[in-house]
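J.: In case you want the letters, here they are:
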Amino acid sequence: MDKFTRLTTVAAPLPQENIDTDQIIPARFLKTIQRTGLGKHLFADQRYDESGNERPDFVLNKPAYRHAGILITLDNLGCGSSREHAPWALLDFGIRCVIAPSFADIFHSNCFKNGILPIALPRNVCEALMDDARQGENARLTVDLQAKQVIRPDGEVIPFEVDPFRREKLLEGLDDIAQTLLEKQAIEQFEARAARAWIPSTRGN
Amino acid sequence: MQNPSSPRTLYDKIWDTHVINTLEDGTCLLYIDRHLLHEVTSPQAFEGLRAAGRPVRRPDATIAVADHNVPTSDRSQPVEDPQSRLQIETLERNVKEFGVPYFPLRSRSQGIVHVVGPEQGISLPGMTIVCGDSHTSTHGALGSLAFGIGTSEVEHVLATQTLLQKRAKNMRVRVEGEVGLGVTAKDIMLAIIGRIGTAGGTGHVIEYAGSAIRSLDMAGRMTLCNMSIEAGARAGMVAPDATTFAYVKGRPFAPKGEAFEQAVAYWQSLHSDDGAVFDKEVVLDAADIKPSITWGTSPEDVLPIDGVVPSPEDETDPARAERIRRTLAYMGLEAGQKVAGTPVDVVFIGSCTNSRIEDLRAAASVIEGHKVALSVRAMVVPGSGWVRHEAEKEGLDKIFRDAGFEWREAGCSMCLGMNPDRLTPGQRCASTSNRNFEGRQGPSGRTHLCSPSMAAAAAVTGTLCDVRDLVKGAV
Ligand code: SF4
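As given, the protein sequences belong to chains Z and L, one line each in that order. Take the first sequence: its position 124, counted from the start at 1, is 204 in the working numbering, and no numbers get skipped. Take the second sequence: its position 207, counted from the start at 1, is 211 in the working numbering, and no numbers get skipped.
Check before you lean on any hint, since a few could be wrong.
A short, non-exhaustive set of chain L residues, derived as facing chain Z with CB atoms under 8 Å [claimed, not checked]:
hint : residue
1    : Glu-51
2    : Thr-66
3    : His-72
4    : Val-83
5    : Pro-86
6    : Pro-105
7    : Ile-126
8    : Ala-163
9    : Leu-168
10   : Pro-256
11   : Ala-258
12   : Pro-259
Cβ pair distances, simulated, as ranges [said to hold, decoys possible]:
hint : chain 1 : residue 1 : chain 2 : residue 2 : range
13   : Z       : Phe-245   : L       : Arg-255   : 41 to 47 Å
14   : L       : Phe-441   : Z       : Arg-108   : 16 to 22 Å
15   : L       : Asp-221   : Z       : Glu-252   : 48 to 54 Å
16   : L       : Ala-323   : Z       : Phe-109   : 31 to 37 Å
17   : Z       : Glu-236   : L       : Arg-199   : 18 to 24 Å
18   : Z       : Arg-214   : L       : Gly-443   : 37 to 43 Å
19   : Z       : Lys-111   : L       : Gly-311   : 36 to 42 Å
20   : Z       : Phe-245   : L       : Lys-397   : 54 to 60 Å
21   : Z       : Asp-102   : L       : Gly-184   : 42 to 48 Å
22   : L       : Asp-78    : Z       : Phe-109   : 30 to 36 Å
23   : Z       : Ser-281   : L       : Lys-397   : 26 to 32 Å
24   : L       : Gly-336   : Z       : Arg-214   : 49 to 55 Å
25   : Z       : Phe-245   : L       : Gly-345   : 58 to 64 Å
26   : L       : Glu-326   : Z       : Arg-273   : 53 to 59 Å
Source of the hints: derived by calculation from the structure; they are not laboratory data. Note that CB positions come from ideal geometry on N, CA and C, so glycine has one too.
Construct the complete structure from the given sequences, taking the supplied hints into account.
T.: As C-alpha cells, then:
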C-alpha cells in the first residue's frame, strides 16, 4: 500500500447523494480474477452509453478530470453491497481521497483498507469544495493528512477529523497485513505452544 | 480475555485459546488454524500477495479446492465455460506458485469445500477455521469456531495466519426431546430460523445444545451449523462428544495414534461450563417440529408441510403485508393455499447443507421402488467425489438413476446457479440447499427449501408433499 501524506491534485465534483457501490462498479464486472484494471469500469453506467462510448458530459470524461485524485460527492457515499471492488476501482482510476458529508460504514472501512482516505465534512463545506473543483485544472486541492487539513486553492484551511489508528497506518503506508506482520514474534511464540502439538499438517501424514 | 476460572461458553474457550493479543479498542489478533480456499474468492488475495512480494505464511495450515463454479457434468471433458475455466486455472497456478496443498478437480477428494474439510479430517474440534464463503459455519459442527471472511481477510490470513476480529456475543439454541417420524436436522434448523428469524442470531455465535441435538449424527449437526448464517449468526457450533470423536477417528488428515488420544483429551474440555452466561437463549420442543418447507424468498418463510401459505390480509403491519404480497407474486402462490400439492418442475438434492452420504441414503430410501414424476427434472449432486464413490459402492446411484434422477459430479451446482445448472424463469424447485432468495438458483427461479427425504418425495409425486404420507403409502 502506498503512503498517504500530502496530496495536491485536481478534484472531480459529483454532486449526487447515495451513490451505491453498484454505481461505483456494476455487478457485471465482478467476475474478474484481478483487483487491478477495474478503473476503466469505474462509474461505468454513468460514464459510458449503451454502445460503450464515453458520455462527454460525465465529469470523469472531461479532459480536466481524467487524472483527478480526489472525488467529492454528497451524502452516504458507498452504500449498498459490501463489495471491495468499489475501492479497487476508485484506486485503479487514481482516486486516493474521497470527500463527502457522510459515508456508508463498510465502504468507509474498505477505503482505509485499500489506501484511500475518506474525509467527512459538513455539506456546505463539501459544496464549497465542489465549487472549487468545478474550475478544473485551475484549482487544485491539497489534502494534508499529517496536519489533518484540506487546503483550498485560495489558501483557506479546512481541518478534518480522522481515526488516529487509521491515520497512522495511511501515513506509514501500512495495510492491515503490514501492521500484523509487525507482530511476527508474537505469532511465532503462539505457534510454538506445546498445547498445539496435536494439530496436523494439511500436507497429509 | 475473561477470567479463566469463571464459567465460560464453548465459544469463549476456543476464542480465548486463539487470541495472540488485544488492541486498545478490544480488537483481537486471532490465530487461524485452518484456511480453506476456493476458486471464486481467492484470486485477488493471491494477486495482493504477489504484488507485495509476500509468501503464504502457513501453506501447511491451508488447503484449496475448486467447487463453486465447476461443471458437475462429465469431468473427462475440458471445462467449457471460459470464465469458470479461468478461475480454476488461476487457482491451480496460485496453489502451485505458493505451495498450497490442493485437491484437483478430477481427484476423488474434490468437492464442496464445506463437505471436504470435515470428511478429510482437515477441520477438527477446537480449531479456528475460515474460508472466503459464508457457509464456513458448517465446520462448527465439529466443535470448532468456523466463519466466513471477505477477500481482504483471505489475503490477511494467507500472509499472517491471523485475523483482526472482535468477540461476538453468545447465544444458545436448545432443542429438547425427541423428533417425530420424518423429521431431520434440516427440519429442526428451518424451525429454528422460523422461530428466531433471519436476524435472530445477528452479532452472536450460536451454540446448539439439548437432547435432540446430541442425538444427531455429524451430518445432521453440519446441516444445522451450515444454516447458522441464514439465522443471522456468523458461526454456529456443537460441543464435541463421543459422536464427534468417532467421526473424526481414522479420517485421512486427522491426528493418529497417540496424537489422537492427546487431542481427544483436550477436546473433552470443549463444552460450555455449568453456569456459563449466554446473552440470548432460545428453547424449542423437538416434538413440535414437523417436516418443513419454505414458501417464500427468505429462509424464515417456513411452514410445516401440512401448513397453509400466509395471507397479507392477516397481517396488521402494512410493510409486512406488502412483503407477503410481493413474495406470493414472485413465488406464484395464492394466499391461504395449502403448500402441499404444489407442482414442482425441478428437484435438487445437493449443496453444502445436504449432500453428504447420510443425506443421499435418506433420499434413496424414499426413492427406492418409485419413479421420478414425468414432469420433473431431478438431480443428485454429491457433496464430494468421496461421497459419490461411497454412494456408488452402496448402490445408491443405481436407485437414483433407475428412478430417473441425474447422477452428477461434485460441486455447488444448482445451489447458486453460477454454472450451467440453474433454473429457468418461473421454474419451481424443491431444493435441499440453504438460500431461497429471488434468483438464487437462476433468474426468476422459485426455490422451496426442504430436507433430502422431502425433496425425494417431491420428485416422486411431482408436488410438494409430506414424506410421511409417501412412506406410509398414502399418496
Ligand atoms: S453449496 Fe451453495 S452455499 Fe454451499 S458453498 Fe457452494 S454455493 Fe455456497
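J.: Let me make sure I understand: some of the numbered hints might not hold for this structure. Which ones are they, in numerical order?
T.: 3, 4, 5, 17
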